[in-house]
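K.L.:
Quick note, the sequences are listed as chains A and B, same order.
Under the numbering used here, the first residue of the first sequence carries the number 1, and numbering increases by one thereafter.
Under the numbering used here, the first residue of the second sequence carries the number 1, and numbering increases by one thereafter.
Worth double-checking, as some hints may not be accurate.
[To be verified] Here are the simulated BS3-like pairs of lysine-lysine, each with C-alpha atoms no more than 27 Å apart in a straight line:
1. A:Lys326 - B:Lys311
2. A:Lys326 - B:Lys62
3. B:Lys300 - A:Lys73
4. A:Lys73 - B:Lys201
5. B:Lys62 - B:Lys88
Hints listed in this document are in silico derivations from the structure and should not be mistaken for laboratory results.
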Amino acid sequence: MRDPCIHWLHELGQEHNDVVGKKCANLGEMTRLGMQIPPGFAISVDACRKYMELTGVSGRLTEYFARLGDELKRSFSMQIEASRCAREMIRSTPMPTELGDDIEASYELLCDRCGTADVPVAVRSSGAVSMPGQMETYLQVRGSDEVKRRVVEVWESAFNTRAIAFRLERGMAVERASIGVGVMKMVNAKSAGVVLTVDPLTGETDRAVIEGNWGLGESVASGEMSPDHFVMMKETGAIDRTIQRKARRVVSTATGTANTDVPEDLRDVPCLTDDEIRQIARGAMDVERHFGAPQDMEWVIDRELPFPQNVFWVQARPAKYTPRTKAAETDYLVEQMARLFRR
Amino acid sequence: MAPQAISSGGVIPGFDFDPESDLAQSPAWFLDGTHSIPPWTPLFGWFWVNLCRHGMQYGAEKLSLPTVKGWDWRFRNGGGYLTLLLVKSEEERREREQRFRVAIRPFIEDYDALWRGFVEEMLGRYDGLKRLDLEHADQLELLSHFEESIAVCRRMWEIHMYMMYGTFTAYILFENICRELVGIDDTSPAFHSLIAGFDNKVLQVDQRLWDFSRQAQQMGLGAIFVETAPADLARVLEADPRGREFMRAFRAFLEADGWRMQRMAEINVPTWIEDPTPALATVKRFVTSVDFNLESEREKLTRDRLAAEQKTLASIAPEQRGWFTTLLRLAQKSGVFSEEHDYYLDFYAHALIRRACLALGRRFAAAGALEGPEDVFFLIPDEIRRAGISPDQFDLRPIVARRREAWREWSRTPAPPVILKEGFDIDQAMALLVRSNDPIALKVVVGSMPVARPELKADLHGTCGSPGIAEGTARVILSEEHLADVQPGDILVAPTTSPSWTAVFSFIKGVVVDRGASLSHAAIVGREYGIPVLMNVFVGTQKLRSGQRIRVDANMGALYVLDR
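In isolation and in its complexed conformation, chain A is listed as follows (with noise of 0.2 Å):
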């Protein structure tokens, strides 16, 4: 690709990570591995960077915070009319007419890709390191506008007020925040979820734990409703189904996504087959050999291509999960804390 700015995600690979930021870049190291993600671009961290210094952003900003001085480190009301104050100013600013137009080129030549007019898009941020709270996404974005405006409010989301806490507390440059943008197809899902390859709860590794839901991966990660359950032990690939009544799923209208009634005749259906959960939790455990390290990972089930060509990854972190010995400790003193109420 022409600019250094914008790369497409199949030529990505881990050694990009302060590129492009973690997340496009696993996705990258993904396809390597010759797993399948949706076709789509990275935006660099140096994009948002030039973005701010170009507009003068950054030099308002810094101005901004330096008049806020060290007080904002003790006042967290200070804080969220800090981060309203800095998300303004960025709104506010368009960004450069290149770097739009290099973005625009970009997301025609994957709709050319997709053979689709104003194809629709996922943007998501992409961290060069992990901070909280900057886990912007947009769903079902379509047009080159739309994604432009999209991409600027993921810049934006440096710095909301978790992001800004986030840097004070490690005693980093508040007023200096840039973050890589990933833009890509949406895949049209019959369901989607996460696979992990550790037990979170329990912190047991010989174990791959899968969640779903019909429609969008957002009503699996939003914690709102109940998904279906499916554990394949590592070792034997036997599966444990617990299957839930699904009632609501989240699904791409032509503006966005909504939340709808799942049909009767599908509540009570797994939402995905067994061929299919191994597939997911192979996927998974070749990821989790390559990176040496438990993986937290979205999955979506293509509606219309057939198996194994239906299974997409979105992404890929490594699993936060509570070692056995934590959540024990925690068992403990739940126990310890219910018995005073016995006496």
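Mind docking chain B on chain A? Use the hints.
P.N.:
This is chain B only, laid out in the frame that chain A set:
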């Protein structure tokens, strides 16, 4: 006039104390002396009895406390009376315990995220309320702002009591475990060393006031502070060019941190923003002090704590240290939460309630519905709503006159500390509190009972809230208004203390309170300032006189009168 006749006038519909039906519901109702002496205005009483009551039941339900469903409250002659809602059957207790096991986990797993999330939520809601320009808002906007303030206050109490129940449960467990494994409890100095030496928002504000006192001296304003009475300070400073500069910075500080009033549980006194006198009085006192206890004490306490932690952990079996450390950290957060929540929750929400009520009060007064804006504190929300949209159509002055008369009468007639059913005695009543296992009742209201030790030959006995020994002049202070009488080096003798008393802790030698428990205000702040606090002395304010020389040995739970 019989006091019953005043109370039965019906002040807070649904929550006026009714001896017949309320004593049938519960045989014992306790006066909340900490918050409702002197008597509440009808409006604040409405807020407390409705919303604090809601919050306690919300918190107990959200956590599914196995033995108690929160507290019930009634209003009687300006006093708040409380009783406990006990879980009635063993079967229900067991069911509640199952849910409790799940509900309590967030406190253990990530306490900071929980508390910080709530603080952010409330500050966001407060900002929403502050956004309305009260001067230029129309009547409809003011009324809906008032309704929104009630909703914010209600949410505040939900968070308040949910957090408090969870936090105190952890603290009580830590105390029990320490008693079992280490042989110390919350009446021993070693226990307090383990949980002192932490910063919190209230102490940060103290620190800021100290910084302002240094700044005043650097700006050459020392003389003005020394010579001017607190009430005149703002005016005199504004008349001086450097003083004006000082006041500009001071008001900016108040704009952020001045959402508090002299009395924590009332809204009829000005906030620091309206009247900076209490804050300036503290700066004035600091101007003449040479060193600030807090800073030097903090370092010492932190060192002591780390040493105490090491010593305690060494006495715990290695395989037990994991969960013990988690619990220790939780207990340490209890003190921080206990102080900090007053600032982020009670003070702030009440200051905004005051602001919303006064805004309507001013319109009512202008329209002739009230004599003056502050008369609004003698109304209840339904009466405010009555005139909310068209105040010119209503005359609320007779209601105010009647209520004000009753309120004055309440102040003249002390409220009984407990109302008991015929044939029920105080020991049975205390047993009811203990049986509830209610963490707040145990840690804030009841506390531990002092053990009289004849061999000490002490004049009064109490329990240790903060370790240490001090000798000095007793200063008996019965309420916040008289705090200005406290002199450097005094030993404060009070019924109880609240966050508005914090400022004097930096220059006194010790504290003696009639009632208190290890998570009550006096104990927590005493520990942070490293001064002895003797609690549950019960008769300190009756038996001691201002000016007497006394010695307080909090470690032994003893108080000696040196001259008689």
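K.L.:
If a hint holds in the structure, say so; if it doesn't, say that too.
P.N.:
Hints, one by one, checked against the model:
1. A:Lys326 - B:Lys311: 23 Å, holds
2. A:Lys326 - B:Lys62: The hint holds at about 24 Å.
3. B:Lys300 - A:Lys73: Holds: B:Lys300 and A:Lys73 sit about 24 Å apart, inside 27 Å.
4. A:Lys73 - B:Lys201: Cα-Cα ~12 Å, so holds.
5. B:Lys62 - B:Lys88: 18 Å, holds
Hint compliance for this structure: no hint is broken.
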